[in-house]
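Protein chains in written order, with the UniProt record's numbering: chain W, 1 to 118; chain D, 1 to 100; chain C, 1 to 167.
Worth flagging that the hints you see were computed from the coordinates, not collected in a lab.
Treat the numbers as computed from the prediction; the structure is a model and nothing was measured.
From the three backbone atoms N, C-alpha and C, an ideal C-beta is built for every residue, glycine too.
One or more of the hints may lead you astray.
The calculated PhoX-like cross-link candidates involving lysine-lysine, where the alpha carbons are at most 20 Å apart (straight line), are [stated by the list, open to error]:
1. C:K109 to W:K112
2. C:K164 to W:K111
3. W:K59 to W:K111
If you anchor each label on the Cβ, the simulated ranges turn out as follows [stated by the list, open to error]:
4. C:Q102 to D:E93: 26 to 32 Å
5. W:P48 to C:T22: 27 to 33 Å
6. C:G114 to D:F64: 42 to 48 Å
7. D:I9 to C:Q123: 23 to 29 Å
8. C:I90 to D:L79: 42 to 48 Å
9. D:F64 to W:V104: 17 to 23 Å
10. W:G30 to D:F64: 48 to 54 Å
11. W:V49 to C:V147: 48 to 54 Å
Going by beta-carbon spacing under 10 Å, a handful of chain W positions derived as facing chain D [as the list claims (entries may be wrong)]:
12. I58
13. F76
14. P79
15. V100
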Amino acid sequence: MLGAYLPILVLVVIACLFGLGSVVFSSLIGQKKPSQVKLAPYECGCEPVGSARERFSIKFYLIAMLFILFDIEAVFMYPWAVLFKRLGMFGLVEMGLFIVILFVGYVYVWKKGALEWE
Amino acid sequence: MLAIENYLIVSAILFAIGTIGVLTKRNAIVIFMCIEMMLNAVNLTFIAFSRHLGNIDGQVFVFFVMTVAAAEAAVGLALMIAFFKNRESIDVEDVNLLKL
Amino acid sequence: MESIFFLVVAAVAVISSILVVTCKNPINSALSLVMTFFCLATFYVMLDAPFMAATQVIVYAGAIMVLIIFVIMLLNVRVETVKRGTHAVIAGSAIGLFILFQTVWFLMKGSMTGKVGDMTKEQIVSVGHVELIGKALFTDFLLPFEVTSVLLLAAIVGAVILAKKKI
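Bound conformation, chain W alone (with noise of 0.2 Å):
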């Protein structure tokens, strides 16, 4: 069974392996000629405008954490799907309740003016 997983594993490996490596091979062959502009930051070829450090608006945090809650719900209908048929009309009642009070909260968020983007 675990045998299933090697593609998995070797995978894993190689990603480590490149990672690792481009950083290693291009610090050990690479042409090292630093200047003023060559080590600044890159923006698209422009001048780079303020630090990179800048606070992030709250916008994304509401955007994740509705991401983070429905993500949890939408775990949950993986194994109803998996056992639709067998549960037949009593699993759809069931994951109906469920689905039906997370809307509430769907709707709330919505009334509530959190999915604009203002």
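Take the given structure of chain W and dock chains D and C to it, following the hints.
Here is chains D and C on its own, set in the frame of chain W:
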């Protein structure tokens, strides 16, 4: 499958490190992350015992723990943001007033 | 072979969790925590719980850590400058090590007993892990499952109210 004791010892180590983090750090977000780590250590224990005792209930519990962790993350981080708006800090030592 | 793999993953998990506590920059702590979560997902796979591993990656590494990193960037928290007093660090570490010692002592002293259920490896392979969890979730744990939706509703409302206030 390896003996269950191996998993339990790893879980105990993670839980202890999480406890140390909660008790020694001052940044509220790092404390929050340490709490998540403690929850995960408990989840590992749940799943190890579930496999060892041949009972699926422990894994359903992990499901609920994850749900609570997600709800906690949403509300807890919102509280931190609200606190930061008032005090410009998320140091837990600054959480010493009921009203500003 | 399996025990060597276990030792490697356990070492990575413990080292990255130590980094969570020792790193000064919260972003580094968050990334180390993601590493710990992935190691735990590996353990879940080794414990024949592949669906829990997937959930771990989706929920913890994918959603909760994204939220935490967003908040770190949102608040733009500086590197921790003021340390806790040494006595607090010593006391906290002592309590943590005491908990570790206690658990390991109990593990060494006792043996694992308990009523053994009917979930075997053959059953997991033939029925399927997701089916087993789904059956338990939608029959034995029906009420907790429905109450979960109320919890999520409360979390949505609470978080929106707290975050929507004007800065």
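Results for each hint:
The hinted pair formed by K109 of chain C and K112 of chain W fails the criterion: a straight-line CA distance of about 57 Å is larger than 20 Å. A distance of roughly 12 Å separates the Cα atoms of K164 of chain C and K111 of chain W; the hinted pair therefore holds under the 20 Å criterion. Distance hint between K59 of chain W and K111 of chain W is fulfilled; the C-alpha atoms sit about 16 Å from each other, no more than 20 Å. Hint check: Q102 of chain C to E93 of chain D, Cβ distance near 29 Å, so the stated range 26 to 32 Å holds.
At about 32 Å, the CB distance of P48 of chain W to T22 of chain C agrees with the hint of 27 to 33 Å. Range check, G114 of chain C to F64 of chain D: Cβ separation about 21 Å, and the 42 to 48 Å hint is violated. Judged by the Cβ atoms, the range 23 to 29 Å given for I9 of chain D and Q123 of chain C holds: they are separated by roughly 27 Å. For the pair I90 of chain C and L79 of chain D, the beta carbons lie near 30 Å from each other, so the given range of 42 to 48 Å is not met.
For the pair F64 of chain D and V104 of chain W, the beta carbons lie near 21 Å from each other, so the given range of 17 to 23 Å is met. For the pair G30 of chain W and F64 of chain D, the beta carbons lie near 51 Å from each other, so the given range of 48 to 54 Å is met. The supplied range of 48 to 54 Å is met by V49 of chain W and V147 of chain C, whose beta-carbon atoms lie about 50 Å from each other. Here the hint on I58 of chain W is kept, as its CB sits about 7 Å from the closest CB of chain D, short of 10 Å.
The closest approach between the C-beta of F76 of chain W and any C-beta of chain D is roughly 8 Å, which is under the 10 Å cut-off, so the hint is satisfied. At its closest, the beta carbon of P79 of chain W sits 9 Å from a beta carbon of chain D; the interface hint therefore holds under the 10 Å criterion. Nearest Cβ of chain D to the Cβ of V100 of chain W: about 18 Å, over the 10 Å cut. The hint is violated.
Checked against the numbered hints above, the structure breaks hints 1, 6, 8 and 15 and satisfies the rest.
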